[in-house]
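Number of protein chains: 2
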Amino acid sequence: MTGSLRVVGLGPGPAAWLTPEASQALALASDIVGYHAYLARLNGAPGQTLHGSDNGDELTRARLALGLAAQGAAVAVVSGGDPGVFAMAAAVFEAIEAGPTAWRLLDVCVLPGVTAMLAAAARLGAPLGNDFCALNLSDNLKPWATIEKRLTHAAQADFVIALYNPASKARPAQVHQAFELLRRHRSGQCVVAFARAVGRPGEELVVTSLEQADPALADMQTLVLIGASSTRCIERPGGKKWVYSPRRLEPAP
Amino acid sequence: MTGSLRVVGLGPGPAAWLTPEASQALALASDIVGYHAYLARLNGAPGQTLHGSDNGDELTRARLALGLAAQGAAVAVVSGGDPGVFAMAAAVFEAIEAGPTAWRLLDVCVLPGVTAMLAAAARLGAPLGNDFCALNLSDNLKPWATIEKRLTHAAQADFVIALYNPASKARPAQVHQAFELLRRHRSGQCVVAFARAVGRPGEELVVTSLEQADPALADMQTLVLIGASSTRCIERPGGKKWVYSPRRLEPAP
Numbered sequence: 007m008t009g010s011l012r013v014v015g016l017g018p019g020p021a022a023w024l025t026p027e028a029s030q031a032l033a034l035a036s037d038i039v040g041y042h043a044y045l046a047r048l049n050g051a052p053g054q055t056l057h058g059s060d061n062g063d064e065l066t067r068a069r070l071a072l073g074l075a076a077q078g079a080a081v082a083v084v085s086g087g088d089p090g091v092f093a094m095a096a097a098v099f100e101a102i103e104a105g106p107t108a109w110r111l112l113d114v115c116v117l118p119g120v121t122a123m124l125a126a127a128a129r130l131g132a133p134l135g136n137d138f139c140a141l142n143l144s145d146n147l148k149p150w151a152t153i154e155k156r157l158t159h160a161a162q163a164d165f166v167i168a169l170y171n172p173a174s175k176a177r178p179a180q181v182h183q184a185f186e187l188l189r190r191h192r193s194g195q196c197v198v199a200f201a202r203a204v205g206r207p208g209e210e211l212v213v214t215s216l217e218q219a220d221p222a223l224a225d226m227q228t229l230v231l232i233g234a235s236s237t238r239c240i241e242r243p244g245g246k247k248w249v250y251s252p253r254r255l256e257p258a259p
Numbered sequence: 007m008t009g010s011l012r013v014v015g016l017g018p019g020p021a022a023w024l025t026p027e028a029s030q031a032l033a034l035a036s037d038i039v040g041y042h043a044y045l046a047r048l049n050g051a052p053g054q055t056l057h058g059s060d061n062g063d064e065l066t067r068a069r070l071a072l073g074l075a076a077q078g079a080a081v082a083v084v085s086g087g088d089p090g091v092f093a094m095a096a097a098v099f100e101a102i103e104a105g106p107t108a109w110r111l112l113d114v115c116v117l118p119g120v121t122a123m124l125a126a127a128a129r130l131g132a133p134l135g136n137d138f139c140a141l142n143l144s145d146n147l148k149p150w151a152t153i154e155k156r157l158t159h160a161a162q163a164d165f166v167i168a169l170y171n172p173a174s175k176a177r178p179a180q181v182h183q184a185f186e187l188l189r190r191h192r193s194g195q196c197v198v199a200f201a202r203a204v205g206r207p208g209e210e211l212v213v214t215s216l217e218q219a220d221p222a223l224a225d226m227q228t229l230v231l232i233g234a235s236s237t238r239c240i241e242r243p244g245g246k247k248w249v250y251s252p253r254r255l256e257p258a259p
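Chains as they are written, first to last, in the working numbering: chain S, 7 to 259; chain L, 7 to 259.
No lab work stands behind these hints, which were simulated from the structure alone.
Hints are supplied without guarantee of correctness; some may be wrong.
[What the hints assert, rightly or not] Okay, derived cross-link-like pairs now, DSS-like style, lysine-lysine, Cα gap no bigger than 30 Å in a straight line: (1) S:K175 x S:K155; (2) S:K175 x S:K148; (3) L:K155 x L:K175; (4) L:K155 x S:K148; (5) S:K155 x L:K155; (6) S:K148 x L:K246; (7) S:K246 x L:K247; (8) S:K155 x L:K175; (9) L:K175 x L:K148; (10) L:K247 x S:K148; (11) L:K148 x S:K247.
Between the sequences and the hints, there should be enough to build the whole structure, so can you do that?
Following this line, the structure appears as structure tokens:
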């Protein structure tokens, strides 16, 4: 088989956050497979075929990409952010494992990118400067009980918590439940940030406290960051405050 | 004040993983501050001053960078990977908070990058395809008891765990203690990967199980990944196996 599959992360939005490796893979692809909103970001090269599809159904998209590669095409399948974080890479390997043995011989590479929490953190300051976790709040593919268990441990461990996919039109209530749970385990003074559409039109940052936070601020384009007990704000005369998590932690009292 | 400070992530190594934003900031800087091994990766531009220093003492480096920016210089301070993850960004904000009020007026931006765990994950397949945490195993700046507590919660939450700074010449024993702790909470069949120097000379990947893993494989250049119970390997005829964490999780029995 001479085809290839590159699983490419486009980063959170602007071309300035797309790695040269990803740019090159996109330029060399004969076929690009992805959610149509991601394909709309690309400048297709002459002779390239774009295979756009709706959001969701990552497995169908992965199978399409693998099938094209197995036929000899140079395929790129794209994700926003990093393809390995709650995105297309896992779907591709699920499809390979369940698919024809021949797919295991394919030349498949995952090309890393800047994931949403890194971009959001950079805009805010350095909230991920100490231990953190990343949790996908969607229960489309896992039980809500698993999410609650993980959230509870994350809160008790005093991790900084990055919540991906905090809410959607179909799941408006869960981010409220998540905040209720967090408020039982963390101080009301804990720093919370809503980072919406970072790097894209409509970018908005809200820095608040767990006590004051309105979970309704979170939508499909929002990354929610819950600070650890050590996470701090730096006030700035006339400017937006910075949020950071110091590297040094004192022993618990 | 007309100076500026850009906190720049170089990515794990190769230029192909350096974002265009970071490249541009490095090209425009009058002064670049960083650990000399990172500065050695750069092609300095004419007229640029490189301020190299030994590893450690990030706070001194941050103060140097802030002082130069306050004097009007266009400063870039560099980290490997992403500057917000266990790297220079937190040190810069610590220095600002403790420093002269004037530093709060400076034009400071953090530019995100590809952090080590994303690069390691991409090489392995998609081990971060489900919920995960990132834990800095160094106790230089935090109590070992805090690390043990976080590791225990992470293991109980069934997060995929990325261990940064698992070992150094001064701390050879802690990664062994961490594995002992993990073995008490996780099945011996749990997938473990040692990803050494990903993207740099000497890159090496070892995929094994928690039972079989030799913690002595971890050094300063290694990122250790501990899979969740759901993390799987795909065997490939004649090839390296892929590691991935499926997006779908079944309810606990």
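Status of the hints after comparison with the structure:
1. S:K175 x S:K155: 24 Å, holds
2. S:K175 x S:K148: Satisfied, since the Cα-Cα distance of roughly 18 Å is no more than 30 Å.
3. L:K155 x L:K175: 24 Å, holds
4. L:K155 x S:K148: Roughly 26 Å between the alpha carbons, so the hint for K155 of chain L and K148 of chain S holds.
5. S:K155 x L:K155: Within the cut-off at roughly 16 Å; holds.
6. S:K148 x L:K246: Answer holds: K148 of chain S to K246 of chain L is near 29 Å, not above 30 Å.
7. S:K246 x L:K247: 47 Å, violated
8. S:K155 x L:K175: With a Cα-Cα distance of about 37 Å, the restraint between K155 of chain S and K175 of chain L is violated, given a limit of 30 Å.
9. L:K175 x L:K148: Answer holds: K175 of chain L to K148 of chain L is near 18 Å, not above 30 Å.
10. L:K247 x S:K148: 26 Å, holds
11. L:K148 x S:K247: 26 Å, holds
When held up to the earlier numbered hints, the structure conflicts with 7, 8 and fits the remainder.
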